[in-house]
Amino acid sequence: MSEASSAQARGLAKFGLSLNVLLVLVFLYAPIVLLTIYSFSGARNPGQWGGFTLDWYRALGDDTRVQDAIWVSIRVALVSTVLSVVLGTMAALALERFTFRGKKVFDALLYLPIIIPDVTMAVMMLLFFTQAFDLLDAWFGLRIAKGFATIVVSHIAFNIAFVSVVVRARIAGMDATLEQAAADLYATRWKAFVFVTLPQIMPGVLGGALLALTLSLDDVVVTQFVAGPGSTTLPVYVFSLIRRGVTPLINAVSVVMLAASLVLVIGSLFAQRANEGRRRREPAA
Amino acid sequence: MSSSALDPLDIVDPDHEHSHIGEEVERRLRRADRRRGFLLALPAYLYMVLFFAVPLVIVLIYSFATRTSSGSVALSGWNLESYRKLGEPIVRNVVFRSAFLAAITTVVCLLVGYPYAYFAATRRPLVRNLLLVAVMIPFWTNFLVRNYSWRLLLSTGGPISSATEAIGLGETDLLFTRTAVVLGLTYSFLPFMILPLYASIERIDWRLVEASRDLYSSGWKSFSKIVFPLSLPGVIAGSILVFVPSLGAYVTPEILGGGRETMLGSYIVTQFLTARNWPVGASVSFVLMAVMLSATIVYFRAGGKNL
Numbered sequence: 001m002s003e004a005s006s007a008q009a010r011g012l013a014k015f016g017l018s019l020n021v022l023l024v025l026v027f028l029y030a031p032i033v034l035l036t037i038y039s040f041s042g043a044r045n046p047g048q049w050g051g052f053t054l055d056w057y058r059a060l061g062d063d064t065r066v067q068d069a070i071w072v073s074i075r076v077a078l079v080s081t082v083l084s085v086v087l088g089t090m091a092a093l094a095l096e097r098f099t100f101r102g103k104k105v106f107d108a109l110l111y112l113p114i115i116i117p118d119v120t121m122a123v124m125m126l127l128f129f130t131q132a133f134d135l136l137d138a139w140f141g142l143r144i145a146k147g148f149a150t151i152v153v154s155h156i157a158f159n160i161a162f163v164s165v166v167v168r169a170r171i172a173g174m175d176a177t178l179e180q181a182a183a184d185l186y187a188t189r190w191k192a193f194v195f196v197t198l199p200q201i202m203p204g205v206l207g208g209a210l211l212a213l214t215l216s217l218d219d220v221v222v223t224q225f226v227a228g229p230g231s232t233t234l235p236v237y238v239f240s241l242i243r244r245g246v247t248p249l250i251n252a253v254s255v256v257m258l259a260a261s262l263v264l265v266i267g268s269l270f271a272q273r274a275n276e277g278r279r280r281r282e283p284a285a
Numbered sequence: 001m002s003s004s005a006l007d008p009l010d011i012v013d014p015d016h017e018h019s020h021i022g023e024e025v026e027r028r029l030r031r032a033d034r035r036r037g038f039l040l041a042l043p044a045y046l047y048m049v050l051f052f053a054v055p056l057v058i059v060l061i062y063s064f065a066t067r068t069s070s071g072s073v074a075l076s077g078w079n080l081e082s083y084r085k086l087g088e089p090i091v092r093n094v095v096f097r098s099a100f101l102a103a104i105t106t107v108v109c110l111l112v113g114y115p116y117a118y119f120a121a122t123r124r125p126l127v128r129n130l131l132l133v134a135v136m137i138p139f140w141t142n143f144l145v146r147n148y149s150w151r152l153l154l155s156t157g158g159p160i161s162s163a164t165e166a167i168g169l170g171e172t173d174l175l176f177t178r179t180a181v182v183l184g185l186t187y188s189f190l191p192f193m194i195l196p197l198y199a200s201i202e203r204i205d206w207r208l209v210e211a212s213r214d215l216y217s218s219g220w221k222s223f224s225k226i227v228f229p230l231s232l233p234g235v236i237a238g239s240i241l242v243f244v245p246s247l248g249a250y251v252t253p254e255i256l257g258g259g260r261e262t263m264l265g266s267y268i269v270t271q272f273l274t275a276r277n278w279p280v281g282a283s284v285s286f287v288l289m290a291v292m293l294s295a296t297i298v299y300f301r302a303g304g305k306n307l
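If you're matching them up, the sequences are chains A and B in order. Counting from 1, position 52 in the first sequence corresponds to residue 52 in this note's numbering; the numbering is continuous, with no gaps. Counting from 1, position 160 in the second sequence corresponds to residue 160 in this note's numbering; the numbering is continuous, with no gaps.
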């Protein structure tokens, strides 16, 4: 092959690579950007441009069902995140710092929710609650209905696993000798945890919390199976609307959800940066 | 607690004549440590057993149960009927369609994602990080909204249709087709392909490529004989990470396939929420989980853990 043609081939390959990157970025962002633009469109057909308007956001402000759903979503996300962060962090510490009976089974049990398809998870929770409520009714005459509590319980069941994976990654990269030093200096276990361990694993705990929040706010399938008639989260409500057809109102709700995600993304980027900053300051770790 | 009464600092050194006391203390300390670890794990452990392991077992039990004529489940007369149903043409078609669409999605992600990951991995750190963050952001944004945005784009008279009409290609009507489902799945899971690919390409020792170039290898040959084989763990990991969730997808085929392109996820949901044949739904979801578990084991074997 001559010099010129090989240089030409290399140039072509470079051009192809750059073009591909550009197309991927357009592919990733154009739909989200267009959706945001169309949410301000005055046309009745949600896919057409009909001049700028804020009508759909105003309609959103008047829609009590959407607002109820938003409120349920936020409550579910906060409660399930707090509880799964506590349980998941404890599990992560136990798995990384201790040996105990049944550790291997526990480890495997904590990986399953990450692997399992959400449809299977949904089926599991539905059958479990149906069965458990039947038994409670038969034994104690308790009549419990699916609702807020069942959604929270299900969300925690998958969130613990994700939190513990993120926190474990952080603990694994941490220096255990600092805790030992604290113990040598007569710190109680609790003091050593609060003043030495916790500050060190904080970026991991925050990262886990953000992931749990995101997953909880994203979930459609599991929630759809365990939600009661009185309590629907925003994604489940929007999903049922979408199946009936696109409307400008859904565009507006979607942009609100998008904005919420964006806040979480920025939060996670900051958490990541804090993580890296620490690592740089502690080169030995 | 016993450990505070027997402080390890007070213990004589192991070579001393009282060394057996030291052993005893150490044994007790270790036991106390084990108990502490167990207590720390206990709340999450109990939670996962009660709200995860037990439900999983219940699904397995239901898959062997009988469906009564009223649509409820009789927990007696155990049989394999629901598993036999998996071989019937209706279910088989759903399985094949799901596997086919998931495979196409995987190939598309690989073809698009590989050059992207390669480009990103060979840039300077700043550009590299920007390109990675650009892939991560959609991953964090709401899944439902991402799929809905394609519903909007593909709708009749929507942006894509009007664009192709303006160019003179005529109206496109992609919504509720297989193409739309593959597009949506690709859009949903492309980051899962790019990230492991990037991780494996980034760690390639580029001196090997330089050496091959010094030995008059062509660019293409260096790529196919060195770069690609070394990035194979990333290819396998990425493919599994895209194929597995695509196989069980529910939201995307519902929104973009309009219920016409039934995939496994939708089939399971139908069995529970409308057809009310719980044993069949349970057996299909159990099989789906088994497939994903095996795929994950392959993933770990391929070194996916390190990616």
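Among the hints, a few may not be true.
Said to hold, decoys possible - If the Cβ cut is set under 7 Å, some of the chain A residues that face chain B in the computed set are:
| hint | residue |
| --- | --- |
| 1 | L17 |
| 2 | L19 |
| 3 | I115 |
Unchecked claim - Have a look at the derived ranges for each label pair, beta carbon to beta carbon:
| hint | chain 1 | residue 1 | chain 2 | residue 2 | range |
| --- | --- | --- | --- | --- | --- |
| 4 | B | T122 | A | A176 | 36 to 46 Å |
| 5 | A | V82 | B | I90 | 53 to 63 Å |
| 6 | B | G259 | A | T36 | 54 to 64 Å |
| 7 | B | V298 | A | D62 | 24 to 34 Å |
| 8 | B | A74 | A | F270 | 29 to 39 Å |
| 9 | A | Q8 | B | R207 | 18 to 28 Å |
| 10 | A | V263 | B | A74 | 42 to 52 Å |
| 11 | B | E81 | A | V263 | 46 to 56 Å |
| 12 | B | A74 | A | T36 | 20 to 30 Å |
| 13 | A | F270 | B | I21 | 49 to 59 Å |
| 14 | B | R203 | A | W190 | 55 to 65 Å |
| 15 | A | F140 | B | A103 | 42 to 52 Å |
| 16 | B | V298 | A | A169 | 17 to 27 Å |
Quick caveat, the hints were computed from the structure, so don't treat them as lab data. By construction, the Cβ of each residue, glycine as well, lies at the ideal position given by its N, Cα and C atoms.
Quick rundown of the hints versus the structure:
1. L17: 5 Å, holds
2. L19: Violated: closest Cβ of chain B sits about 9 Å from L19/A, beyond 7 Å.
3. I115: 5 Å, holds
4. T122/B - A176/A: 36 to 46 Å: Given a distance of about 37 Å, which is inside 36 to 46 Å, the answer is holds.
5. V82/A - I90/B: 53 to 63 Å: 44 Å, violated
6. G259/B - T36/A: 54 to 64 Å: Violated, since G259/B and T36/A (Cβ atoms, about 28 Å apart) do not stay within the stated range.
7. V298/B - D62/A: 24 to 34 Å: Roughly 52 Å apart at Cβ, these two residues miss the hinted range, so it is violated.
8. A74/B - F270/A: 29 to 39 Å: For F270/A against A74/B, whose Cβ atoms are near 54 Å apart, the range 29 to 39 Å is violated.
9. Q8/A - R207/B: 18 to 28 Å: Since Q8/A and R207/B have Cβ atoms about 26 Å apart, the given range 18 to 28 Å holds.
10. V263/A - A74/B: 42 to 52 Å: 49 Å, holds
11. E81/B - V263/A: 46 to 56 Å: 50 Å, holds
12. A74/B - T36/A: 20 to 30 Å: Cβ of A74/B to Cβ of T36/A: about 52 Å, so the range 20 to 30 Å is violated.
13. F270/A - I21/B: 49 to 59 Å: 52 Å, holds
14. R203/B - W190/A: 55 to 65 Å: Violated, at about 41 Å.
15. F140/A - A103/B: 42 to 52 Å: Since F140/A and A103/B have Cβ atoms about 50 Å apart, the given range 42 to 52 Å holds.
16. V298/B - A169/A: 17 to 27 Å: Distance hint for V298/B, A169/A holds at roughly 22 Å.
Checked against the numbered hints listed earlier, the structure breaks hints 2, 5, 6, 7, 8, 12 and 14; every other hint is satisfied.
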